[in-house]
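Here is what each chain is made of, one letter per residue.
There are 2 protein chains.
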Amino acid sequence: MKVKRLYIEAGGKPIVLLNKDDADDLGVRALGRVRLRANGHERTAIVNTTSKVIEKGVVGVYEEVASRLNLEDGSVVDVRLSEPPRSIFFIREKLKGKKLTYSEIYEIVKDVVEGNLSEVEISAFVTALHTFGLDLDEATNLSIAMVEVGETLDLGDILVVDKHSIGGVPGDKTSLVAVPTVAAAGLTIPKTSSRAITSAAGTADRAEVLMPVSLDLDEIRSVVLKTGGCLVWGGALHLSPADDIFVQIEYPLAIDPLLLPSIMSKKKAVNAKMLVIDIPTGRGTKVKTIGEANALAKDFIELGRRLGIQTGCAVTYGEQPVGYAVGPALEAREALETLMGSNRAVDLVSKAANIAGVLFKMAGVGDAETALRLIRSGKSEKKFREIIAAQGGDPDVKPDDIPIGDKTYEVRAKRRGRVLWIDNGRLVEVARAAGAPKDKGAGILLNKKIGEHVEEGELLYTIYSESSVKLQNAIELVEARDFMGIGRSMDMLIQFIAEPPVYKRRFELER
Amino acid sequence: MKVKRLYIEAGGKPIVLLNKDDADDLGVRALGRVRLRANGHERTAIVNTTSKVIEKGVVGVYEEVASRLNLEDGSVVDVRLSEPPRSIFFIREKLKGKKLTYSEIYEIVKDVVEGNLSEVEISAFVTALHTFGLDLDEATNLSIAMVEVGETLDLGDILVVDKHSIGGVPGDKTSLVAVPTVAAAGLTIPKTSSRAITSAAGTADRAEVLMPVSLDLDEIRSVVLKTGGCLVWGGALHLSPADDIFVQIEYPLAIDPLLLPSIMSKKKAVNAKMLVIDIPTGRGTKVKTIGEANALAKDFIELGRRLGIQTGCAVTYGEQPVGYAVGPALEAREALETLMGSNRAVDLVSKAANIAGVLFKMAGVGDAETALRLIRSGKSEKKFREIIAAQGGDPDVKPDDIPIGDKTYEVRAKRRGRVLWIDNGRLVEVARAAGAPKDKGAGILLNKKIGEHVEEGELLYTIYSESSVKLQNAIELVEARDFMGIGRSMDMLIQFIAEPPVYKRRFELER
Numbered sequence: 248m249k250v251k252r253l254y255i256e257a258g259g260k261p262i263v264l265l266n267k268d269d270a271d272d273l274g275v276r277a278l279g280r281v282r283l284r285a286n287g288h289e290r291t292a293i294v295n296t297t298s299k300v301i302e303k304g305v306v307g308v309y310e311e312v313a314s315r316l317n318l319e320d321g322s323v324v325d326v327r328l329s330e331p332p333r334s335i336f337f338i339r340e341k342l343k344g345k346k347l348t349y350s351e352i353y354e355i356v357k358d359v360v361e362g363n364l365s366e367v368e369i370s371a372f373v374t375a376l377h378t379f380g381l382d383l384d385e386a387t388n389l390s391i392a393m394v395e396v397g398e399t400l401d402l403g404d405i406l407v408v409d410k411h412s413i414g415g416v417p418g419d420k421t422s423l424v425a426v427p428t429v430a431a432a433g434l435t436i437p438k439t440s441s442r443a444i445t446s447a448a449g450t451a452d453r454a455e456v457l458m459p460v461s462l463d464l465d466e467i468r469s470v471v472l473k474t475g476g477c478l479v480w481g482g483a484l485h486l487s488p489a490d491d492i493f494v495q496i497e498y499p500l501a502i503d504p505l506l507l508p509s510i511m512s513k514k515k516a517v518n519a520k521m522l523v524i525d526i527p528t529g530r531g532t533k534v535k536t537i538g539e540a541n542a543l544a545k546d547f548i549e550l551g552r553r554l555g556i557q558t559g560c561a562v563t564y565g566e567q568p569v570g571y572a573v574g575p576a577l578e579a580r581e582a583l584e585t586l587m588g589s590n591r592a593v594d595l596v597s598k599a600a601n602i603a604g605v606l607f608k609m610a611g612v613g614d615a616e617t618a619l620r621l622i623r624s625g626k627s628e629k630k631f632r633e634i635i636a637a638q639g640g641d642p643d644v645k646p647d648d649i650p651i652g653d654k655t656y657e658v659r660a661k662r663r664g665r666v667l668w669i670d671n672g673r674l675v676e677v678a679r680a681a682g683a684p685k686d687k688g689a690g691i692l693l694n695k696k697i698g699e700h701v702e703e704g705e706l707l708y709t710i711y712s713e714s715s716v717k718l719q720n721a722i723e724l725v726e727a728r729d730f731m732g733i734g735r736s737m738d739m740l741i742q743f744i745a746e747p748p749v750y751k752r753r754f755e756l757e758r
Numbered sequence: 248m249k250v251k252r253l254y255i256e257a258g259g260k261p262i263v264l265l266n267k268d269d270a271d272d273l274g275v276r277a278l279g280r281v282r283l284r285a286n287g288h289e290r291t292a293i294v295n296t297t298s299k300v301i302e303k304g305v306v307g308v309y310e311e312v313a314s315r316l317n318l319e320d321g322s323v324v325d326v327r328l329s330e331p332p333r334s335i336f337f338i339r340e341k342l343k344g345k346k347l348t349y350s351e352i353y354e355i356v357k358d359v360v361e362g363n364l365s366e367v368e369i370s371a372f373v374t375a376l377h378t379f380g381l382d383l384d385e386a387t388n389l390s391i392a393m394v395e396v397g398e399t400l401d402l403g404d405i406l407v408v409d410k411h412s413i414g415g416v417p418g419d420k421t422s423l424v425a426v427p428t429v430a431a432a433g434l435t436i437p438k439t440s441s442r443a444i445t446s447a448a449g450t451a452d453r454a455e456v457l458m459p460v461s462l463d464l465d466e467i468r469s470v471v472l473k474t475g476g477c478l479v480w481g482g483a484l485h486l487s488p489a490d491d492i493f494v495q496i497e498y499p500l501a502i503d504p505l506l507l508p509s510i511m512s513k514k515k516a517v518n519a520k521m522l523v524i525d526i527p528t529g530r531g532t533k534v535k536t537i538g539e540a541n542a543l544a545k546d547f548i549e550l551g552r553r554l555g556i557q558t559g560c561a562v563t564y565g566e567q568p569v570g571y572a573v574g575p576a577l578e579a580r581e582a583l584e585t586l587m588g589s590n591r592a593v594d595l596v597s598k599a600a601n602i603a604g605v606l607f608k609m610a611g612v613g614d615a616e617t618a619l620r621l622i623r624s625g626k627s628e629k630k631f632r633e634i635i636a637a638q639g640g641d642p643d644v645k646p647d648d649i650p651i652g653d654k655t656y657e658v659r660a661k662r663r664g665r666v667l668w669i670d671n672g673r674l675v676e677v678a679r680a681a682g683a684p685k686d687k688g689a690g691i692l693l694n695k696k697i698g699e700h701v702e703e704g705e706l707l708y709t710i711y712s713e714s715s716v717k718l719q720n721a722i723e724l725v726e727a728r729d730f731m732g733i734g735r736s737m738d739m740l741i742q743f744i745a746e747p748p749v750y751k752r753r754f755e756l757e758r
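If you read the sequences in order, they're chains A and B. Under my numbering, residues 248 to 758 are what the first sequence spells out, in order. Under my numbering, residues 248 to 758 are what the second sequence spells out, in order.
Among these hints, one or two may not hold up.
The list treats identical chains as interchangeable, and a pair is accepted whether it falls inside one copy or across any two copies.
[To be verified] Under the rule of at most 25 Å between Cα atoms (straight-line distance), these lysine-lysine pairs were calculated in the BS3-like manner: (1) K685 <-> K299; (2) K251 <-> K303; (3) K535 <-> K346; (4) K249 <-> K303; (5) K645 <-> K629; (6) K299 <-> K260; (7) K251 <-> K608; (8) K345 <-> K267; (9) K645 <-> K299; (10) K343 <-> K645; (11) K695 <-> K626; (12) K345 <-> K685; (13) K545 <-> K343; (14) K346 <-> K695; (15) K696 <-> K661; (16) K299 <-> K249; (17) K251 <-> K696.
In short, the hints are calculated from the structure, not lab data. Quantities reported herein were computed from a predicted structural model and do not represent experimental measurements.
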């Protein structure tokens, strides 16, 4: 059949548009599957139908299909009815509660990446993994399969270390401080990060304020070989393309059965040999108690062992933002100030030093004290600027060079007391209403954190925005319900909840 | 925004196409949701994006959206970012294993029908129902909610009875004989049926050979009030629109957690007060053992009680086709011959009489013997012809008037022996290869059934097709692996299986 490009994107789904008569002749209905062959490639696509736009003998292709098969207008492509992929049967076995073997898991993962499985089927697989659970054998096999179908970063014989946070804490710019510190100690840390989906900033968003982060694998390799580290966006590297799809399924369902394989496959794909996982813990994070954190840590460590990655876990306090800044530019500024010697964000310094320290101990090059000395001595800052330069940013950037939103709103204490709580979820809503993460200068700068004393009228925090309309939206949210609670410690009522709070909680799956 | 109709159908999914700049401004990505408002209606739609086909300020609408909101080219529609529907949170609760309340279930079902939930979310819901199971409270609430969001058939004070088979047996034309028999006894049976999805014929396909079956609710009402019965296609009546969507999710996954609520909601929607459920049992059917059949029957009866439907179940033998004919026209012919007095399809007569007899006992108008007398006396035939006439068919149709495929192929016994087994799944594959159910004259006419003696060279069955190419395809299948096994009963090897047979089994979910 002759190709007509439609220039439509369906969020990654491979769709073709067929004339209804052709669809009937092929014996396929809308949402059925066809197999396309052209230019030596073969791909499965999902069918939409029309009786107007596309004439008989022509197949309309969405961008996802055009790019996978290198199709142009007028290309000739072979279209036939697709048999359901074998992996569907393995998914059905999982639905019966069966444990899957490596080859079955590999087949599923491969078909996910090649677009041979529908959202219905992938969703059922993810849901079944969630409800039945997956044991460490399956987690190991999933991790390996996910690496197998993706790209890898090969740095030769160099010992590669890495860090990862399972996320959930706003303002967590730890990587911006820890990565140059690890590299400053002579270790090699090719750090890939995600952008925000529902948070106010991902590490890739923060780093992008100071340097380009959309590097390809060759560029990353050259930056890392030169400086020992990098801070790049991992989203387009295809280190774990299956995960990029799984996470789109997990997110709306607020489940993440693939959390461990997902994280570990990406670390395996950069050939990390030593790894520290940050597990923020407390109310409002993914992991509520130390007990849960310990159980999760044990799984990470055992899964790491099976994958040949020596893994340590740092259970950290996650009930309020790290440092005072939330929002890409505000956070980049705070990280830079911290590396330049500011000790205001004392929790940030502590967290970054401890995270780096775990890796130093594993590698036998020191501990958290060593990390602290690297930060305080300016060696981490020097390394940070090397990385910025290698990635194509301005190595001489000063904190004040970083543009911040010029529309601001200050919130002051209505009474004397202490900061009793900060609702991270609400804080993120406010920062996003102000424009973060898309408007890099938008966000919130706290002036007080939990436990600090405040006088009536004293500044609690400032909202920054690049647009007066968005600032107004953020103000309305705060006025409807503030994210910071001030009181005397004898006020036992923290918050009046009219709706079940479980419905309001959202987590970013950071991978 | 201004509407541009795209004339594309996405299998029922409400999709709009936005220019990427507009999508960015709205803060929505491909596969995200927007809320559309026009002509006093409000609907959720899924976003695809483009930077070419649609200019800024224009929204391209797929047919599903155009028809729901009555949109034409140039219509003006309000487009805004959609909040996730509340029902997502209830689905998340189900994913945690929680039991859902009626109002939560209603909200989910409503959002399924209104297109507010994505396939990912519906699939997760169905999968969670499958893995956690649903108790009778939930099944009851689901049945009621599914009726609540659909159309109903109101026949006033008349006592309505109904029958349903959970399916899985080829050639099962029982309804064509049982329905007129029930109506001939003075009962009212507004029978709706499905078309084949993966089988060789659905009851609607069989009936359509003799009369129009795509009637609307008003037409059905008039036919039933006139004759006491009907044989119509239920697919477009919206008696249970939620189920029409659920079944599309369940089918590829080969699970059917909603089987009971689905069937019972459709019976509730026609206001049935008495119901007989046929549960075909045996190897190759959905229900393998009498024990399983009894458990399922108990659930049907209890669910019926809660819905105010007196329910009886008939557990029937399902290891080979009912009668000798498989394929719409061949089956219609066999049913008509049977009603006209032929006793060749003795199992068909027996099954139809027993099914009708269950209803007769409930209604206190007789038993299976009564039904048999109605069939033998020609009263069922007379009623059948009344129904054909009322639905717009030819009431004087003779069996030989029914056109059958003129391309035939006879398969004869290679040796003397007995028919030891018939592989229903393979038989259906062969009938479909020959063109059934789309080509109504295609199918298989058995000459021998299980247990019958055959001489070498004797006719086992004939394949009918409307096309020589399709006939050839069917012959190739049979030659590769026949569906009928002949042997002496001492041959203990029934079939050599190279692949795990579980992967070959497919069931039609008949609802």
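Now the hints, each set against the structure:
For a Cα distance limit of 25 Å, the shortest separation of K685 from K299 across copies, 23 Å, qualifies, whereas the shortest one inside one copy, 39 Å, does not. When the C-alpha separation of K251 and K303 is checked against a cutoff of 25 Å, the pair qualifies both within a copy, at 12 Å, and between copies, at 23 Å. Within a single copy, K535 and K346 get their C-alpha atoms only as close as 29 Å, which misses the 25 Å cut-off; across copies the closest is 23 Å, which meets it. Within a single copy, K249 and K303 get their C-alpha atoms as close as 10 Å, which meets the 25 Å cut-off; across copies the closest is 29 Å, which misses it.
In this assembly of identical chains, K645 and K629 lie within 25 Å of each other by CA distance solely inside one copy; the values are 13 Å within and 95 Å between copies. In this assembly of identical chains, K299 and K260 lie within 25 Å of each other by CA distance both inside one copy and across copies; the values are 22 Å within and 18 Å between. Neither within a single protomer nor between protomers do K251 and K608 lie at most 25 Å apart by alpha-carbon distance, with minima of 59 Å and 63 Å respectively. In this homomeric assembly, K345 and K267 never come within 25 Å of each other (Cα to Cα): the closest approach is 40 Å inside a single copy and 43 Å across copies.
Taking the shortest Cα distances, K645 and K299 never come within 25 Å of each other, neither inside one copy (59 Å) nor across copies (41 Å). Proximity of K343 to K645 under the C-alpha cut-off of 25 Å is found in neither arrangement, the shortest distances being 59 Å within a copy and 48 Å between copies. With identical chains, the CA atoms of K695 and K626 are never at most 25 Å apart, being 29 Å at best within one copy and 89 Å at best between copies. Proximity of K345 to K685 under the C-alpha cut-off of 25 Å is found in neither arrangement, the shortest distances being 43 Å within a copy and 37 Å between copies.
For the homomeric pair K545 and K343, the shortest alpha-carbon distance between copies (23 Å) is at most 25 Å, but the shortest distance inside one copy (28 Å) is not. For a Cα distance limit of 25 Å, the shortest separation of K346 from K695 qualifies neither inside one copy, at 50 Å, nor across copies, at 42 Å. Within a single copy, K696 and K661 get their C-alpha atoms as close as 16 Å, which meets the 25 Å cut-off; across copies the closest is 88 Å, which misses it. Taking CA atoms no more than 25 Å apart as the test, K299 paired with K249 passes in both settings, with 16 Å inside one copy and 20 Å between copies.
Taking the closest pair of Cα atoms, K251 and K696 never come within 25 Å of each other, the shortest separation being 58 Å inside a single copy and 52 Å across copies.
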